[in-house]
Amino acid sequence: MAAAQGGDRAAMDALLRRHHERIWAVCRRLAGNDADAADATQEAMVLIVRRIGTFDGRSRFTTWAHRVATNACLDELRRRGRRSADQLPDDVDGGRATPDRREALDTAVSERLAIDDALAALPEAFRAPIVLRDLAGHDYADIAAVLDIPIGTVRSRIARGRARLAELLGPGNQPAAPDRPSTRP
Amino acid sequence: MTDSPTPAEPGPIDADVELASAHLDGEAGTDERARAEAPEVQAHLATFASVADRVRDVPPPPGGLLDDHVARAMAAFDDGARVAPLRRSPVAARPWWQRIPVGAVAAALVVVALIGAIGLASTLDDDGDDTATSTFDAGDGGVDSADDAAPDDGDASAGAMEESTTLDADAQFDAMGGRAAYDGYDALADDLAAQLAAGDGDAEAPVAESDVSTTQSERSGDEDAADGVDPCGAVGLLGLDPADVVLVRPVLVGADEATAVVHDADDGRRLTVVGDATCAVTFERLL
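So the protein lines, in turn, are chains D and F.
So in numbering that gives the first Met the number 0, the last spot in the first sequence is 184, and the numbers never skip.
So in numbering that gives the first Met the number 0, the last spot in the second sequence is 286, and the numbers never skip.
Heads up, a few of these hints could be off.
Just some of the chain D residues that point at chain F, by a computed CB distance under 7 Å [said to hold, decoys possible]:
(1) 5
(2) 21
(3) 46
(4) 148
Residues from chain F that keep clear of chain D, each with C-beta distances beyond 12 Å, as calculated [claimed, not checked]:
(5) 12
(6) 26
(7) 55
(8) 70
(9) 109
(10) 116
(11) 119
(12) 179
(13) 184
(14) 192
(15) 230
(16) 279
(17) 280
Keep in mind that the hints were calculated from the coordinates and are not lab data.
For clarity, every value in this text was computed on a predicted model and none was experimentally measured.
Backbone N, C-alpha and C fix where the C-beta goes; we use that ideal spot for every residue, glycine too.
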């Protein structure tokens with residue numbers, strides 16, 4: 000880390016390679032598809048390079064890198080208009096969804112949505128903490144720091160988000176097929 | 000207790016759901032862990048564990064993506080190594096006289112010398128060149144006496160000096176990457192809107208040109224210009240066409256250093272503020 004910060008090219012290259020898969024995984028789950036995730040991951044990697052001088056060691060590098068990556072992913076998605084950046088308050092009310100949206104969700108529930116679709120149906124405010132917890136392995140304090148929200152909010156959003164995911168995935172919710180590759184922490 | 004609490008249901012969250020979720024993450028308190036043994040909580044726990052497994056099951060990046068991403072990021076690393084330091088020093092870290100670009104000082108000296116030369120020539124004209132004096136006076140309202148003409152010359156010189164000083168200070172401020180300070184984002188937006196409205200048309204073009212060229216000079220190795228200007232590369236970060244960019248300006252909003260970008264969007268002239276610490280969009284508004 001220090002060598003990369005000091006301008007060591009080989010160290011920076013190694014640092015990026017070491018963190019790429021996890022950053023990809025975070026962006027992939029936040030974006031919901033490979034194409035957007037690829038662009039967002041690229042953006043995140045470039046930002047990490049450009050901002051590494053600002054990393055002051057007060058947090059773990061992984062936490063800092065995921066903060067950059069998460070913001071890059073969410074910004075990329077907002078720019079593309081895939082998500083509303085306005086759905087951030089803790090009292091996000093999916094119940095205000097349009098009838099079409101509600102019908103689509105109901106239909107999707109009955110069809111047991113794939114995890115991508117289920118995550119996509121979650122407001123960003125709930126999706127991000129779940130991804131940072133289950134995929135990146137951050138504790139609540141880290142997630143609070145990355146997303147700049149209180150720890151109590153992290154806890155309630157993860158719980159609400161998981162409950163909603165369980166509902167969307169259906170009563171027959173099963174663990175993923177074992178033959179699929181995984182980036183489990 | 001309710002069934003299937005969801006984020007679509009505002010209000011208190013089911014206690015068992017929250018406890019199961021926290022317990023799964025190892026974030027439950029001591030007394031909570033005892034309560035987590037209840038069958039209802041355990042049922043939620045099993046469901047959430049399964050959900051978490053599915054969230055973790057991410058398809059791997061497509062082949063070649065790693066090398067491509069690293070290559071592009073390293074290109075940015077090489078650019079950074081060639082030009083500006085990645086960590087921008089605070090605006091006030093150096094004495095003001097060290098933050099004035101040499102070019103700006105030279106330009107100011109030239110302006111002062113020209114004004115001095117004009118003033119000297121006018122004085123000489125007043126002393127002996129009637130033709131030149133009458134030409135000057137005719138243009139200034141036909142003042143005939145030397146005594147009346149002298150104060151006019153002085154006023155004109157003072158006016159020119161004042162204007163020159165103002166412009167020069169602005170130029171220095173911009174060249175230094177100086178940051179105008181605002182109490183909040185709305186104050187920033189209001190001020191930029193007022194500035195752009197006042198200078199709508201010809202006046203705003205040099206602002207954009209100057210600021211964008213300053214950003215470009217960052218990449219060309221001009222450390223003075225790079226110091227304090229758009230550390231996140233906001234224009235590129237926002238995916239904007241430079242032709243649409245009206246203004247790029249480093250600002251202080253409260254205690255936060257940020258970069259304000261105004262660009263012409265489909266819905267009008269839009270201000271986007273990117274926080275320098277996070278390189279994330281912190282504010283957006285139509286002006």
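Now the hints, each set against the structure:
1. 5: Because about 11 Å separates residue 5 (chain D) from the closest Cβ in chain F, which is outside the 7 Å limit, the hint is violated.
2. 21: It is violated, given that the least Cβ distance between residue 21 (chain D) and chain F is near 10 Å, above 7 Å.
3. 46: holds, 5 Å
4. 148: Hint on residue 148 (chain D): violated, closest Cβ of chain F at ~14 Å, above 7 Å.
5. 12: violated, 5 Å
6. 26: Per Cβ check, residue 26 (chain F) is inside 12 Å of chain D; nearest 5 Å; violated.
7. 55: violated, 4 Å
8. 70: violated, 9 Å
9. 109: holds, 37 Å
10. 116: Holds, because the least Cβ-Cβ distance between residue 116 (chain F) and chain D comes to about 47 Å, which exceeds 12 Å.
11. 119: Fine: 51 Å to the nearest Cβ keeps residue 119 (chain F) off the interface.
12. 179: Non-interface label stands for residue 179 (chain F): nearest chain D Cβ at 22 Å, farther than 12 Å.
13. 184: Given a closest Cβ separation of 15 Å, the condition holds.
14. 192: Nearest chain D Cβ is 21 Å from residue 192 (chain F), so the label holds.
15. 230: violated, 7 Å
16. 279: Check fails; 4 Å does not lie beyond 12 Å.
17. 280: Residue 280 (chain F) is in fact no farther than 12 Å from some Cβ atom of chain D, at 6 Å.
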